[in-house]
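In this note's numbering, the protein residues as written are 10 to 629.
Derived by calculation from the structure, the hints in this document are not laboratory data. Owing to the predicted nature of the structure, the values given are computational and were not obtained by experimental measurement. Even for Gly, the Cβ is constructed at its ideal location relative to N, Cα and C. It is possible that part of the hints are untrue.
[What the hints assert, rightly or not] Using 27 Å as the maximum straight-line C-alpha spacing, the simulated DSSO-like pairs for lysine-lysine come out as follows:
#	residue 1	residue 2
1	Lys115	Lys210
2	Lys174	Lys53
3	Lys174	Lys210
4	Lys484	Lys520
5	Lys115	Lys37
6	Lys157	Lys70
7	Lys115	Lys157
8	Lys49	Lys70
[As the list claims (entries may be wrong)] Just the calculated beta-carbon pair ranges, DEER-fashion:
#	residue 1	residue 2	range
9	Glu504	Gly281	44 to 52 Å
10	Asp293	Asn265	17 to 25 Å
11	Lys171	Leu322	35 to 43 Å
12	Glu504	Gln447	40 to 48 Å
13	Cys333	Lys304	33 to 41 Å
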Amino acid sequence: MHVLSASTLSGNSNEIVLHTNAFARMNKLRLLQLSHVQFKGSYKELPKELRWLSWLGFPLKSIASDFPLEFLVYLEMHQSNLTHVFNRKTDLRQVLKGRKHLPSLKTLDLSHSHSLTEIGNFSLVPNLERLILEDCLSLVDIHDSIGKLNRLVYLNLKDCIKIMKLPRNVFALQLLDTLIVSGCLNLDAFPAELKMMESLKVLDVADISITTTGEVKSRLRRNPETFWASLPRCLAHLKLTSCNLSDDSFPKDFSNLPFLALLDLSNNLISGLPDCVRGLTGLDQLIFSNCKMLKELAELPRVTYLGVFDCTLLEKVTFQSSSCIPFEFLCFYNPNLVEIEYTYKFEPIERFDMELIHLLGLYNLDPTATIQMIFPCRSARLPRILKLEDWIRVYPIQGLYEYGIFSTFLPGNVVPGQFSHRSRGSSISFTVPSTSNQRVRGLNIFSVYTRFDGGFRPGYHCDIISPIITKVSNKSTGVKFIYDPSCFGDPGHSEEDMIFLSHWDLENQLKGGDELKVSIFMRAWFELKECGIQLVYEKEKKMITQQDTTTPSFASASFERLEYELMPRTYFLSHGPVTRRILRFRMWRNSVLFNDIFMDSDQEAGVSHIYTFTRTLVFL
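Turn these sequences into a full structure, and let the hints steer you where they fit.
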């Protein structure tokens, strides 16, 4: 036997008791995993060549003197009762009966051992590479001999709240590439030697106020630049979560950090993007979470990943250029966000360009009219949604732009503009006419719906699946576009109607002779009453442009982009310009509407062919 695992629930009065003599013949046992168990007998009965030991809830205050440790490579004792390790009172040279060290140990993980106060002579573990002491709440000191661990690459002291200083020789470790001291609230100093570390790539100082971190707290409270100046040039990941940073806490530039790839500024008091961040040409990941003062992210540099979460005052995000739009954009619970440059805009409809308004025939809107809108994608985080009204906000008539689709929601059932095809059903099929002097540029689509008598189901999380879906299928090319809007209008009562009106700028997607089918899908609490479509031609757009010389707010967007394609030639435009499409698609696969919305009858056999992407975009 090479592996053995035994466990019981923590706190269970019927905990497992193992007799050590049961291991006497397990000479080939190399991996032992234990959880809240007791041993009875001598530890010397354990296999001498054990390589990997994980013991959750180790019951003793120190490691027994007859415990065979010489060949261990990995030692993990989470939530142990240990109070000291390698200390002078229990010298491991006695434990090993004359052997001076543990030559094979690479990883020591004593995380969440709340009684641990001391770790002694590290010279006994000369080849240690990873030391993990996370959440050791009683640990007050790190032995100076840690400076002898010349192979140490990873040091994690997260939430060791009683540690007040680190031995200076830690900063002389030549191979140390990750230093995590987040949550070490009483840590006094980051000495100047930090700057000299040649291998440090990851520094996590979350929950440590930069304005009070340093050898002289009062001085650093007035001069946080001392901290920035101490950062080593080789740093790649810098986590500054909850460091009490404000707009004026940052240096003029980060020229001393040319290799910085990840920067986390979450839970700080900034109102905008610090100027020094714009100059980080190598930056790959940028994170803002719970920045309650953040109002605008302007001129963001090019990054691969941008995360913006729970920034309740954030209204606008702009980029240095369209090429700077990140490949991965996760945007959760920012209730006041109304614009993401190049991709998304939500504002009173009169602020949009007249060209877009005229394309939908919106000439005589009542400027005083209001509408109830539901924003599952932008609403503040709620612990549980019990009724639809928790999501509702009242607005004047708004315009919504995303995915190259301009749309609006209107009260009533009198649809503005002209529509050549109308239906009381849920779909319309037609053939695009062939004309010699006109080119099809897009579609106008409307749907009239009302609140179903059954209303909203209590407990339903409407941020999972939207109640209004529009599907445009080109039968001639096999291409399908499925639009799941980031917000929708609520009629309010079963006797009232609502209009969903949208213009799709399809550019070169349509040509004469194409067979199209437009389908509208409504979920349980909404009922479709009528839908319609109207082709928009190049000639019409030119006429509108001649009447109004304003420039459109957005350039035409391409629907056929790789990140939208979830199945061959099926493009899922879901919940905003940056949406968790893959996750939502998996949720849709469990829906009774999946085959109707995503599949045609001749495709159902190929449902398993779903693309995996390198680009994931999220907007909640």
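So, going through the hints one by one against the coordinates:
{"no.": "1", "hint": "Lys115 <-> Lys210", "result": "holds, 20 Å"}
{"no.": "2", "hint": "Lys174 <-> Lys53", "result": "violated, 38 Å"}
{"no.": "3", "hint": "Lys174 <-> Lys210", "result": "holds, 21 Å"}
{"no.": "4", "hint": "Lys484 <-> Lys520", "result": "holds, 12 Å"}
{"no.": "5", "hint": "Lys115 <-> Lys37", "result": "holds, 21 Å"}
{"no.": "6", "hint": "Lys157 <-> Lys70", "result": "holds, 26 Å"}
{"no.": "7", "hint": "Lys115 <-> Lys157", "result": "holds, 14 Å"}
{"no.": "8", "hint": "Lys49 <-> Lys70", "result": "holds, 16 Å"}
{"no.": "9", "hint": "Glu504 <-> Gly281: 44 to 52 Å", "result": "holds, 47 Å"}
{"no.": "10", "hint": "Asp293 <-> Asn265: 17 to 25 Å", "result": "holds, 18 Å"}
{"no.": "11", "hint": "Lys171 <-> Leu322: 35 to 43 Å", "result": "holds, 36 Å"}
{"no.": "12", "hint": "Glu504 <-> Gln447: 40 to 48 Å", "result": "holds, 42 Å"}
{"no.": "13", "hint": "Cys333 <-> Lys304: 33 to 41 Å", "result": "violated, 20 Å"}
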